[in-house]
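K.L.:
What follows is each chain in one-letter form.
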Amino acid sequence: MDRQIRVRIACTIALLAAACASAQAQERKYPSRPVDMIVNFGPGGGADQLGRIMSKLLEPVLGVPVPVSNIAGASGNAGLSKVLGSTPDGYTLGTLTGLSVSAWAGGLGKLQIRDFAFIAVVQSSPSMLFVPNDSRILDYRRMLDAAKANPGKLRVATAGYGTLDDIAVKFLATKGFPMVNVPFAKPGERYMSPLGGHSEILFEEPGDVVQFIDSKQYRPIVVFGARRHPAFPDTPASGEFGHDVDLPNWRAIVAAAKVPADTLAALNAAVAKALDSPDWRKFCGETYTCIERKSPEESRQFAQRNYDDVSKFMKDYGMIK
Amino acid sequence: MEALAGFANGMVVALQPLHLALMIVGVLVGVIAGALPGISFVNAMAISLPFTYLMSPLVAMVFLGGIYVGGVFGGSISSLLVNIPGDPDSLPSCWDGYPITLRDGPERSLSIAITASAIGGLFSAFLLSFASPPFARLALSFDQPEFFAATFMGLVSVLSISKGNLLLSLLSLFLGVAIGSIGTDPLYGVTRLTFGIGLLDNGIDFVVVMIGLFAIGEVIDALASRQGYDFNVKRKGAMKVLGLRDIWKLRGSISRGTGVGSVIGIIPGAGAAVGALVAYGVERQVNRRRSEFGTGIEDGLAAPEASKNATTGTAMIPLLTLGIPGSAGAAIMLAALTLHGVQPGPLLYSKNPEMLYAIFASFTLANLFMVAISVLVARAFGMLMKTDPTVICAFIVVFSVVGAFGVRNNIADVYICLGFGIAGFYMKRFGFPTAPLVLGVILGPLAESYFLTSMANYHDDLSIFFTRPRSGALMALAFGFIFWALAPELRAVWRRVRG
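Line by line, the protein sequences are chains A and B.
Numbering of the first sequence is given in my numbering, commencing with residue 1 and proceeding in unit increments.
Numbering of the second sequence is given in my numbering, commencing with residue 1001 and proceeding in unit increments.
You may find that some hints are simply not true.
Unchecked claim - Below, computed lysine-lysine pairings styled on DSS-like, alpha-carbon distance capped at 25 angstroms:
#: 1; chain 1: A; residue 1: Lys148; chain 2: A; residue 2: Lys186
#: 2; chain 1: A; residue 1: Lys175; chain 2: A; residue 2: Lys315
#: 3; chain 1: B; residue 1: Lys1351; chain 2: A; residue 2: Lys216
#: 4; chain 1: A; residue 1: Lys110; chain 2: A; residue 2: Lys315
#: 5; chain 1: A; residue 1: Lys82; chain 2: A; residue 2: Lys110
#: 6; chain 1: A; residue 1: Lys282; chain 2: B; residue 2: Lys1428
Claimed, not checked - Sample of chain B residues lacking proximity to chain A, with all beta carbon distances greater than 10 angstroms (derived):
#: 7; residue: Pro1133
#: 8; residue: Pro1134
#: 9; residue: Phe1142
#: 10; residue: Phe1147
#: 11; residue: Pro1186
#: 12; residue: Arg1192
#: 13; residue: Glu1292
#: 14; residue: Thr1295
#: 15; residue: Ile1324
#: 16; residue: Leu1347
#: 17; residue: Arg1408
#: 18; residue: Asp1461
#: 19; residue: Val1497
Said to hold, decoys possible - Okay, the calculated beta carbon distance ranges per label pair:
#: 20; chain 1: B; residue 1: Leu1171; chain 2: A; residue 2: Asn133; range: 46 to 54 angstroms
#: 21; chain 1: A; residue 1: Glu292; chain 2: B; residue 2: Asn1009; range: 42 to 50 angstroms
#: 22; chain 1: A; residue 1: Ala231; chain 2: B; residue 2: Gln1016; range: 34 to 42 angstroms
#: 23; chain 1: A; residue 1: Arg142; chain 2: B; residue 2: Leu1167; range: 42 to 50 angstroms
#: 24; chain 1: B; residue 1: Pro1050; chain 2: A; residue 2: Lys312; range: 35 to 43 angstroms
#: 25; chain 1: A; residue 1: Arg33; chain 2: B; residue 2: Gly1198; range: 26 to 34 angstroms
#: 26; chain 1: A; residue 1: Ala231; chain 2: B; residue 2: Val1012; range: 36 to 44 angstroms
#: 27; chain 1: B; residue 1: Arg1470; chain 2: A; residue 2: Gly152; range: 52 to 60 angstroms
#: 28; chain 1: A; residue 1: Gly152; chain 2: B; residue 2: Ala1008; range: 50 to 58 angstroms
#: 29; chain 1: A; residue 1: Val210; chain 2: B; residue 2: Asp1388; range: 50 to 58 angstroms
Hints were generated in silico from the structure; no laboratory data involved.
Ideal Cβ placement from N, Cα and C applies to all residues, glycine included.
Whenever a hint applies, use it, and build me the whole structure from the sequences.
P.N.:
Printed below as a string of structure tokens:
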């Protein structure tokens, strides 16, 4: 029993020592020690891929290791709280996605845009509807006709209620095309459902279902937005049907808002260099998420605009009060 | 025939020194990580992920596959030696396995567990190698009602572990379901049962609950016991793979477990823990000696062991054929593949069949090597039995805290884990069953999301669970189990009503 207590005391001292060590060693040229990259979703998803590729590309530019840790939970808010909770010295970066921002708009958690310093919005993906390749729904027009003819019959597999997916389904319902939102907690289940014939339509961003598109299991029928996506020239935009709804899922690299301006500028320059690399061009091309370069200020405005859009939809559709 | 030739070629690739060496290292890492209470093999896979950047996609898959196969078994080592499950999937192995250890020595229980796991794993690897396309079609034909029915079967299996005190077991189960529903709900994003405590917004992970109740609880029990604490495990002979005659005696339970596990493996999100639980429940209902279960019946250990390793191969089928991961372990392999720019799915079959068959072959080999490596690791762990229990307890605390933190890199999980440790201690002292609680925390959230999605998909029609043929069959089986288990109780009530 004595030994037990001694072991615990030793552990406590070791932990405290580690905590003190990390609190020291500042005041030198940035960056002089490893920069943490906190991915606010679990391994394997879009945010994880971004964090890991960014870490690989930033390491040679910054000249220090950029270790990745995944802190998932609460629509990404758990990891973001961790970013805000660390010392605002530029040594803790995080991924922030549009999904978390729409969750804030929906009233989840207490985080706000202004809590974060935006280093850059680096990816933006269109939202699209897909059907299995052998589906009887040949195109968007016919989907709308079927939805109008059989209200509430067509089922759209989505990521849940209160999400962009939900907004899209509600938007179409207000235009006179009611369909059922079938929420799935796990992406794998969501992709299986229309493929197995258990629902009809899939709401997703193309980057997450590349393998299904390439293997001709799913085909896109519409992209939400005013214009077609350059990678899918044959897929009509919802704007062509008068459906003005733009629901991009974007991803950014952020830090806590209190990070000094010169550190932020250094980080933005480093990220800009990473974005110029062939590796990044290949990655964003394959995931259909390339966007033009954005400064910290432009990035913040972009995020704010998205938040306002989503809030407005949610208010209109009674998803929030 | 073509498949056979492909498999033979794959075997040649898998046997190349580099591939073989990394596969063995993977199995070793998996078995050890699995065996350490607190450190799950999924953690080990996630931690190993960055190392796989340096490898080719095939080597990465071989390595991670080794950890996966070894890790699913590894948890049983601590289940059988110290009655603390090393991983959630090894929980059912405690129920009949640990009594066998106490009665016949750890060699007997470990031999049964290793042999049953290897048979289940090998069969599953063969299904992966030769029956992927039909199994992929089977996977697609399952929908949320079927998933719900399978999870419901798992929940019903609590009746089978109640050991006489049905009411307390059910109470424990529902408490577990309530704990599992704490936090942000999966579909609406509403927080529940958090009482405004921010720590609880992310919910309570079942791994944290399990580490707390079993590992920390056991340590507190050891600290609180007046006389010298002892795990009571005595060696009685040598560890060996079971002989054919022993395997023949267990053929029923091993084949039932393998069958259950192979099918549960293809359900996304279910995985080895659900496979082992359902297999134990089924065995408990159909076995001739069902009334003696929990006292060290060898079939009761063989079935969940065979089942949990039988999930490993089939969980890879939806991943490789459709691009959909069937378990947490398979999800990390998906991440490894996508990071290498390889897209799993039907295209892999046409574009890169050599790589596929090499993966199949190395999964098969991993199950064979698992036997040898597990025997070695179990021996090393067996030596620990001679160590002063206080030292072991100290290590258990460290691993538990690290493991609880590692689930989500969240310090709140450590506090929750320690809290459950104290609860586990008192539950044990007062004879309140802990296993049903863990079952509730594992299966409750799964059942909820399957149920809600089923309702959304089928216009809130409750009868869907009974009218779809496969789901209906599972539900009928589950209700059969309920009435079977309640029969003595009901008879007593009936008698009292009449007289």
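K.L.:
Determine for every hint whether it applies to the structure shown.
P.N.:
These are the hints, each one checked on the structure:
1. Lys148(A) - Lys186(A): violated (29 angstroms)
2. Lys175(A) - Lys315(A): holds (17 angstroms)
3. Lys1351(B) - Lys216(A): Status holds; Cα separation ~14 angstroms.
4. Lys110(A) - Lys315(A): It holds: about 18 angstroms lies between the C-alpha atoms, which stays within 25 angstroms.
5. Lys82(A) - Lys110(A): Status holds; Cα separation ~13 angstroms.
6. Lys282(A) - Lys1428(B): violated (57 angstroms)
7. Pro1133: holds (14 angstroms)
8. Pro1134: holds (14 angstroms)
9. Phe1142: Violated: least Cβ distance 7 angstroms, not greater than 10 angstroms.
10. Phe1147: violated (8 angstroms)
11. Pro1186: Non-interface label on Pro1186(B) violated, nearest chain A Cβ at 4 angstroms vs cutoff 10 angstroms.
12. Arg1192: Its Cβ never comes within 10 angstroms of chain A, the nearest being 13 angstroms, so this holds.
13. Glu1292: holds (38 angstroms)
14. Thr1295: The claim stands: Thr1295(B) keeps its Cβ more than 10 angstroms from every Cβ of chain A (closest is about 33 angstroms).
15. Ile1324: It is violated; Ile1324(B) is separated from chain A by about 4 angstroms at its closest Cβ, not greater than 10 angstroms.
16. Leu1347: violated (4 angstroms)
17. Arg1408: At roughly 6 angstroms from the nearest Cβ of chain A, Arg1408(B) sits no farther out than 10 angstroms, so the non-interface label is violated.
18. Asp1461: holds (12 angstroms)
19. Val1497: Its Cβ never comes within 10 angstroms of chain A, the nearest being 44 angstroms, so this holds.
20. Leu1171(B) - Asn133(A): 46 to 54 angstroms: Once the Cβ atoms are compared, 50 angstroms apart, the range 46 to 54 angstroms for Asn133(A) and Leu1171(B) holds.
21. Glu292(A) - Asn1009(B): 42 to 50 angstroms: holds (47 angstroms)
22. Ala231(A) - Gln1016(B): 34 to 42 angstroms: holds (38 angstroms)
23. Arg142(A) - Leu1167(B): 42 to 50 angstroms: With Cβ atoms ~57 angstroms apart, the hint is violated.
24. Pro1050(B) - Lys312(A): 35 to 43 angstroms: holds (41 angstroms)
25. Arg33(A) - Gly1198(B): 26 to 34 angstroms: holds (30 angstroms)
26. Ala231(A) - Val1012(B): 36 to 44 angstroms: holds (40 angstroms)
27. Arg1470(B) - Gly152(A): 52 to 60 angstroms: violated (26 angstroms)
28. Gly152(A) - Ala1008(B): 50 to 58 angstroms: Holds, at about 53 angstroms.
29. Val210(A) - Asp1388(B): 50 to 58 angstroms: Taking Cβ atoms as reference, Val210(A) and Asp1388(B) lie about 55 angstroms apart, which means the hint holds.
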